[in-house]
Amino acid sequence: MNLSVRVKDILNLFPDAEVSGSSQVEKISGIANLRDAKVGDLSFLGNSKYKNQVQHCRASVILLPQDYSAPPSQNQLFIKINKPSRGLAQLCELLEAKLCPPEKPGVHPTAFVEESAVLEPGVSIGAFTYLGKGAIIGSNGKIGTHCHIGRGSTVGDGSVLHPGVKLLSRCQIGKNVVLNAGVVIGSEGYGFDQTDEGHQKIPHLGIVVVEDGVEIGANTCIDRARFEKTKIGQGSKLDNLVQVGHNVQIGQNCLIVAQVGISGSVIMEDNVIVGGQAGFAGHLKVGKGAKIAGQAGITKDVEPGAFLKGNPALPFHLAQRIAVLQRKLPDLFNRFAQEKFRE
Amino acid sequence: MNLSVRVKDILNLFPDAEVSGSSQVEKISGIANLRDAKVGDLSFLGNSKYKNQVQHCRASVILLPQDYSAPPSQNQLFIKINKPSRGLAQLCELLEAKLCPPEKPGVHPTAFVEESAVLEPGVSIGAFTYLGKGAIIGSNGKIGTHCHIGRGSTVGDGSVLHPGVKLLSRCQIGKNVVLNAGVVIGSEGYGFDQTDEGHQKIPHLGIVVVEDGVEIGANTCIDRARFEKTKIGQGSKLDNLVQVGHNVQIGQNCLIVAQVGISGSVIMEDNVIVGGQAGFAGHLKVGKGAKIAGQAGITKDVEPGAFLKGNPALPFHLAQRIAVLQRKLPDLFNRFAQEKFRE
Amino acid sequence: MNLSVRVKDILNLFPDAEVSGSSQVEKISGIANLRDAKVGDLSFLGNSKYKNQVQHCRASVILLPQDYSAPPSQNQLFIKINKPSRGLAQLCELLEAKLCPPEKPGVHPTAFVEESAVLEPGVSIGAFTYLGKGAIIGSNGKIGTHCHIGRGSTVGDGSVLHPGVKLLSRCQIGKNVVLNAGVVIGSEGYGFDQTDEGHQKIPHLGIVVVEDGVEIGANTCIDRARFEKTKIGQGSKLDNLVQVGHNVQIGQNCLIVAQVGISGSVIMEDNVIVGGQAGFAGHLKVGKGAKIAGQAGITKDVEPGAFLKGNPALPFHLAQRIAVLQRKLPDLFNRFAQEKFRE
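Protein chains in written order, with the working numbering: chain A, 23 to 365; chain B, 23 to 365; chain C, 23 to 365.
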């Protein structure tokens, strides 16, 4: 990374910080973790388990928690604040605005906005974006290039749609939502009746509701409900290439890592964490705070707080134990064969 | 869902229905399943296993099969028809047209259509869509916004391409096909020769053929063949984020759930059903009517009618039995250790 | 395939070839493998294990290695060259230019190019494509329709971006790179701090670097790094729907098949081969030349040259052996039960 940020500007971000030492440089030129940082960089102690790395760190500026007691090296500035991770995030937001200044409010001349669409103040609409009839973009919403905002869909205040998002008709996006590039919201649900003349499509008339503060990764797809709504609860974060089937209800503050597949009508309660590539059969209930390991295959309801792994999924420690025993199967089979001979 | 459909209009859909009871309401305001329906809703008995729920159902109108014999509750209208599921689909189509009226025929002023492209009567072309040289859209085809129809590609009568579909050059889409948002048809196959100078690309000159009545889910990708054609057979339904490699031949009326991966040159016969996230190694043959459980890993040919699960995939019941026994491995190892001591 | 290529033009491609026999036809009408080829087709012996198929092959023209000794059939032309696979690729390139002539250099009238963007000679820019401020497209670059080239991003000489590629800001694409339709480069990394007020987003300020000769499949997503760069090394080939997390470092000439998921900060050395749907937990190191079977779940560092399978992943032969023994578990449990009775 090639930055140029004045140390003075960084200090201004943290008026309540306790500062010690002095940086040789007037501007930092990069950000790096404690181990990789070099002279000119800013580093940070975000997790106390890396505490021992601070004394060997070569960064010119280090963000530290208030209880860190050792002194800075020569030509090193310590900035002690309440939450260094939060402080780093603040700094990054400053940098982000520099590196990639947000689009100015306004509609790009190549965009097409239907007459009945409504743009609140501060909205920016990117090149080649289409806004359908009755669509509403809340204040300061940022809609990237090549987006489709379907008829009657709404996007809440401060939400960001990256390039190529397809938000189909009548769906509702909350405030401060981030939809990464290529996300599809409101595709047809996968439901067919088996008839004598083949699979007969079941129309999906419902919608998708994405609540406030949700973030959704690139090329992830969320199908509309059959009659009611598919819902992604407040503050939940979905990674890239995730599949969310029709009528799924995802609770608040769930974390769903890349390539997870959630079949139709699954109900996931709050604070569930799902590792990458895990899959859920349809119509399941996943209890509050459950953790599902990557690649797990969930075919039954999951108790609140459970931690499951494998397919079929088992309690994590049992799954680990069985994995160890499986590696001993060749030995067990051998020994079993020998035991028999003795009799 | 917030509907407003006159009961009279619903009755008009089913001129041959046997009607009993009377609805308190003049208009239905929603559709719901038997258990969730409330006064004002329409419900339906699509599957006879839910028969017992009818008597407790609070819906104002219920679609029932002709052999349902119990009488309606007070203020409840029974509409008995030959196939309630089919009837519901008919009703939904009526509602869909109301909720989301189809685009009127015509080319959006922002679209770009090459001179040699052909649009049959009744076609609609969405905003920012590009039609390449010699492309043909059959009558009543509906092409959404931001679509790319490559040079020489054809789309059959009545097919629907949702926003952002990329149909690359020379591919053939049949009649009444649905391609959901973000689908890619005709991407380059993944084939490389290992040479001393690294992986040498093998050009893929073939095409993709999607037959009549196929539906393909959002962001699914289908690669073009090396020389001939990758084929999706008539009436097959693919869900979201599915990968279909070069030269794959999928038969008729297959059901392929989300995130399935099908490697190059797989031949899948008719009526195969594949659960989500299952994967197929290349050059396999999957026999007619086979069923593959979600997340299964198929590395060998599959017999017609087989039902497989797991990786390596085993017959379903054997896989289930082994899964049960695996959970008993800790016990088996313990007991085995004890048995030895006795000798 | 329906071709029409003069045999004379094919011979011109291979001036050093040793030619024997004579083709009945003046033009070839298709290309097919040895087994499927019919009169009028061209075929080829790319892999010596199919040597025995040559004598029964009905193709009118066959590309063969120089050491193939048997004579052609009647009305059959043998073209013996140093590397038939390479020769076939050359022929295919000729055909590709005929079947699908590349766009002429120039900017499509519907494209939008910011003033400060730079187009080197020979560049073509497709319909509805957006080039951001300071973007640079190297000479002979081909940018398809509906692409987004973000502010400050660069694309090297001779690279091809298929329709709908989203190359977000400040990312660097090398020379002769192919990005298939719908690829997303530079999406936000998936990283959140757990705080009392929910998951707090960690800004991702880094970039993505894609080195020379890389090819990336349709709808694949590559996240930008937190501070530095996510890197795809020279000559590596990624298939469709692959997920590459923030800060991942992929070496040179890796092969990564469809739907693989690579979590943040994984380091993959050169020449690694990964089968479809395999997954990698974060912060792992995968040694040079390692092979990972399809659907494997990698949760620990992988030694150079290792060949792993399964989840948890084991050495391939051990995994195979355990899979065989698992199928014998029902028998083992039965026999164990019986043995006990004897005592």
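The hints are simulated quantities; they were obtained by calculation from the structure and are not laboratory data. A hint or two may mislead.
Note that the list lumps identical chains together, so a pair holds whenever it fits in one copy or between two copies.
Said to hold, decoys possible - Restricting the straight-line Cα-Cα distance to at most 25 angstroms, the calculated cross-link-like pairs of lysine-lysine (BS3-like) are:
1. Lys223 - Lys71
2. Lys120 - Lys251
3. Lys307 - Lys164
4. Lys126 - Lys313
5. Lys126 - Lys155
6. Lys307 - Lys120
7. Lys197 - Lys251
8. Lys71 - Lys310
9. Lys310 - Lys73
10. Lys49 - Lys313
Taking the hints in turn, this is what the structure says about them:
1. In this assembly of identical chains, Lys223 and Lys71 lie within 25 angstroms of each other by CA distance solely across copies; the values are 21 angstroms between and 54 angstroms within a copy.
2. Taking the shortest Cα distances, Lys120 and Lys251 sit within 25 angstroms of each other only across copies (18 angstroms), while inside one copy they are farther apart (39 angstroms).
3. Taking identical chains as interchangeable, the C-alpha atoms of Lys307 and Lys164 are never at most 25 angstroms apart, the minima being 35 angstroms within one chain and 38 angstroms between chains.
4. For the homomeric pair Lys126 and Lys313, neither the shortest alpha-carbon distance inside one copy (41 angstroms) nor that between copies (48 angstroms) is at most 25 angstroms.
5. With identical chains, the CA atoms of Lys126 and Lys155 are at most 25 angstroms apart both within one copy (24 angstroms) and between copies (14 angstroms).
6. Taking the closest pair of Cα atoms, Lys307 and Lys120 never come within 25 angstroms of each other, the shortest separation being 44 angstroms inside a single copy and 33 angstroms across copies.
7. Taking the closest pair of Cα atoms, Lys197 and Lys251 come within 25 angstroms of each other only inside a single copy of the chain (18 angstroms); across copies the shortest separation is 30 angstroms, beyond that limit.
8. In this assembly of identical chains, the alpha carbons of Lys71 and Lys310 never lie at most 25 angstroms apart, being 28 angstroms within a copy and 30 angstroms across copies at closest.
9. When the C-alpha separation of Lys310 and Lys73 is checked against a cutoff of 25 angstroms, the pair qualifies neither within a copy, at 33 angstroms, nor between copies, at 32 angstroms.
10. For the identical chains of this complex, Lys49 and Lys313 are neighbours neither inside a copy (43 angstroms) nor across copies (45 angstroms), given an alpha-carbon limit of 25 angstroms.
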